[in-house]
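Just so you know, the sequences run in chain order A and B.
Under my numbering, the residues of the first sequence are numbered 709 to 822, in order.
Under my numbering, the residues of the second sequence are numbered 599 to 715, in order.
Do not take every clue at face value.
Claimed, not checked - Listed next, the in silico BS3-like pairs over lysine-lysine satisfying Cα-Cα at most 27 Å (straight line):
1) K607(B) with K636(B)
2) K617(B) with K638(B)
3) K809(A) with K638(B)
4) K765(A) with K779(A)
5) K634(B) with K616(B)
6) K651(B) with K616(B)
7) K607(B) with K651(B)
8) K617(B) with K607(B)
9) K639(B) with K809(A)
10) K809(A) with K765(A)
11) K616(B) with K636(B)
12) K634(B) with K620(B)
13) K779(A) with K639(B)
14) K809(A) with K634(B)
15) K639(B) with K620(B)
16) K765(A) with K639(B)
17) K809(A) with K636(B)
18) K607(B) with K638(B)
19) K607(B) with K620(B)
20) K765(A) with K725(A)
21) K651(B) with K809(A)
22) K779(A) with K607(B)
23) K638(B) with K725(A)
24) K620(B) with K809(A)
25) K617(B) with K651(B)
26) K620(B) with K651(B)
27) K779(A) with K809(A)
28) K638(B) with K620(B)
29) K634(B) with K617(B)
30) K651(B) with K638(B)
To be verified - For the chain B half of the interface with chain A, some residues (derived, Cβ under 8 Å), not all of them:
31) P640
32) L643
33) M644
34) P681
35) S684
36) A685
37) L688
38) F706
39) G707
40) G709
If you are wondering where the hints come from, they were derived from the structure by calculation, not from laboratory data.
The beta-carbon is built from N, C-alpha and C at its ideal position, and this holds for glycine as well.
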Amino acid sequence: KNQVEQSPQSLIILEGKNCTLQCNYTVSPFSNLRWYKQDTGRGPVSLTIMTFSENTKSNGRYTATLDADTKQSSLHITASQLSDSASYICVVSEVRDSSYKLIFGSGTRLLVRP
Amino acid sequence: DTEVTQTPKHLVMGMTNKKSLKCEQHMGHRAMYWYKQKAKKPPELMFVYSYEKLSINESVPSRFSPECPNSSLLNLHLHALQPEDSALYLCASSHPQGAGKWGNEQFFGPGTRLTVL
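Chain A extracted, bound-state conformation:
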């Protein structure tokens, strides 16, 4: 079964500190991997999207890495801010014939404290 697993489930850090979130997947064949940020009660917002040929992608203080050989991705947040408190969801696009399906991880809930 194609799966996306994220760790840790939850994380608390102090404002200004860095953190790294992990995503392991078994989805195959694989189209792309994206990281979303979701504030409580709101829709997910895309942070980065990478195909299998890309190793790293940055969006401001967010940097995502992808190792397609080991099927691992990480999201690194630098100089965290209170507004970074949210759920971060790793999503892998599974290719099925002429269609596709997004496989969602369960997310990492990040809390940034003053």
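Following the hints, position chain B against chain A.
Below, chain B without anything else, positioned relative to chain A:
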């Protein structure tokens, strides 16, 4: 315009009510989606419309009835719901599979928080 809008933001309904959720986008996307999300869980795909035709129904109960009247609008009609249907309902849109570099980059709306009493 790079937004997906959803109305209403919040909805409270009884089990005998009939209501509708609405979703709109003006990005020229021809694929639109409904997701259901329970608290602290990832979104679960319900329906996919491609070029205004239903292409995926993830075995959703018939008390949920989707409708895509045109390329910009997506509705979800609700009837005889159960309390366990209370959740955040998310709409998303994208270019259809294979279109452009990112193919199926999905843009999500803010969601409708539904409570069934």
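Comparing the hints with the structure gives:
1. Proximity of K607(B) to K636(B) is assessed by CA-CA distance (about 16 Å); at most 27 Å being required, the pair is judged to hold.
2. Among the hinted pairs, K617(B) with K638(B) is consistent with the structure: their alpha-carbon atoms are about 25 Å apart, no more than 27 Å.
3. Between the alpha carbons of K809(A) and K638(B) the distance comes to roughly 21 Å, so the proposed pair stays at or under 27 Å and holds.
4. For the hint pairing K765(A) with K779(A), the CA-to-CA distance comes to about 16 Å; that is within 27 Å, so the pair holds.
5. This hinted pair checks out: K634(B) and K616(B) have alpha carbons roughly 18 Å apart, not beyond 27 Å.
6. Restraint check for K651(B) and K616(B): satisfied, since their Cα atoms lie roughly 23 Å apart, inside the 27 Å limit.
7. At roughly 26 Å between alpha-carbon atoms, K607(B) and K651(B) fall within 27 Å of each other, so this suggested pair holds.
8. This hinted pair checks out: K617(B) and K607(B) have alpha carbons roughly 13 Å apart, not beyond 27 Å.
9. A threshold of 27 Å between alpha carbons decides the hint, and for K639(B) with K809(A) the separation of about 17 Å falls inside it, so the pair holds.
10. Taking the CA atoms of K809(A) and K765(A), the gap is about 22 Å. The hint holds against a cut of 27 Å.
11. Our distance criterion of 27 Å between C-alpha atoms is met by K616(B) and K636(B), whose separation comes to about 21 Å.
12. Of the supplied pair hints, the one linking K634(B) and K620(B) holds, its CA atoms being roughly 14 Å apart against a limit of 27 Å.
13. A hinted pair counts as satisfied when its Cα atoms are at most 27 Å apart, and K779(A) with K639(B) qualifies at roughly 22 Å.
14. Between the alpha carbons of K809(A) and K634(B) the distance comes to roughly 15 Å, so the proposed pair stays at or under 27 Å and holds.
15. Between K639(B) and K620(B), the direct Cα distance comes to roughly 23 Å. Compliance with the 27 Å bound is thereby established for this hinted pair.
16. A distance of roughly 26 Å separates the Cα atoms of K765(A) and K639(B); the hinted pair therefore holds under the 27 Å criterion.
17. Proximity of K809(A) to K636(B) is assessed by CA-CA distance (about 19 Å); at most 27 Å being required, the pair is judged to hold.
18. Proposed proximity of K607(B) and K638(B) is supported: the alpha carbons are some 19 Å apart, at most 27 Å.
19. A distance of roughly 10 Å separates the Cα atoms of K607(B) and K620(B); the hinted pair therefore holds under the 27 Å criterion.
20. This hinted pair checks out: K765(A) and K725(A) have alpha carbons roughly 20 Å apart, not beyond 27 Å.
21. Pair hint K651(B) plus K809(A) holds up; C-alpha atoms about 17 Å apart against a cutoff of 27 Å.
22. In summary, the hint linking K779(A) to K607(B) is not supported, as the alpha carbons are separated by about 37 Å, beyond the 27 Å threshold.
23. As the CA atoms of K638(B) and K725(A) are separated by approximately 25 Å, the hinted pair is consistent with the 27 Å bound.
24. Between the alpha carbons of K620(B) and K809(A) the distance comes to roughly 23 Å, so the proposed pair stays at or under 27 Å and holds.
25. Distance restraint check for K617(B) and K651(B): the Cα-Cα separation of roughly 22 Å lies within the 27 Å cut-off, and the hinted pair is therefore satisfied.
26. Restraint check for K620(B) and K651(B): satisfied, since their Cα atoms lie roughly 17 Å apart, inside the 27 Å limit.
27. Taken as a hint, the K779(A) and K809(A) pair is honoured in the structure, with Cα atoms around 18 Å apart against an allowance of 27 Å.
28. Restraint check for K638(B) and K620(B): the C-alpha separation of about 24 Å stays at or below 27 Å, so the hint holds.
29. For the given pair, K634(B) sits about 16 Å from K617(B) by alpha-carbon distance, which is consistent with the 27 Å threshold.
30. Of the pairs offered as hints, the one joining K651(B) and K638(B) is violated, with about 31 Å between alpha carbons and a cut-off of 27 Å exceeded.
31. Annotation: P640(B) was flagged as interfacial toward chain A, and the flag holds, the nearest CB pair being 4 Å apart, inside 8 Å.
32. At a threshold of 8 Å, the smallest CB-CB gap from L643(B) to chain A is about 7 Å, leaving the interface hint in force.
33. Among the interface hints, the one on M644(B) is violated; its C-beta lies about 12 Å from the nearest C-beta in chain A, farther than the 8 Å criterion.
34. Nearest Cβ of chain A to the Cβ of P681(B): about 19 Å, over the 8 Å cut. The hint is violated.
35. The beta carbon of S684(B) is not positioned within 8 Å of any beta carbon in chain A (closest approach about 13 Å), and the interface hint is therefore violated.
36. Restraint check, A685(B) versus chain A: the minimum CB separation of about 11 Å is more than 8 Å; hint violated.
37. Hint status for L688(B) relative to chain A: holds, with the closest Cβ pair at about 5 Å, below 8 Å.
38. The beta carbon of F706(B) comes within 4 Å of a beta carbon in chain A, closer than 8 Å, and the hint placing it at the interface holds.
39. Annotation: interface hint on G707(B) holds; nearest CB of chain A at approximately 5 Å, less than 8 Å.
40. A least Cβ separation of about 5 Å between G709(B) and chain A falls short of the 8 Å threshold, and the interface hint therefore holds.
Violated hints for the displayed structure, listed by number in ascending order: 22, 30, 33, 34, 35, 36.
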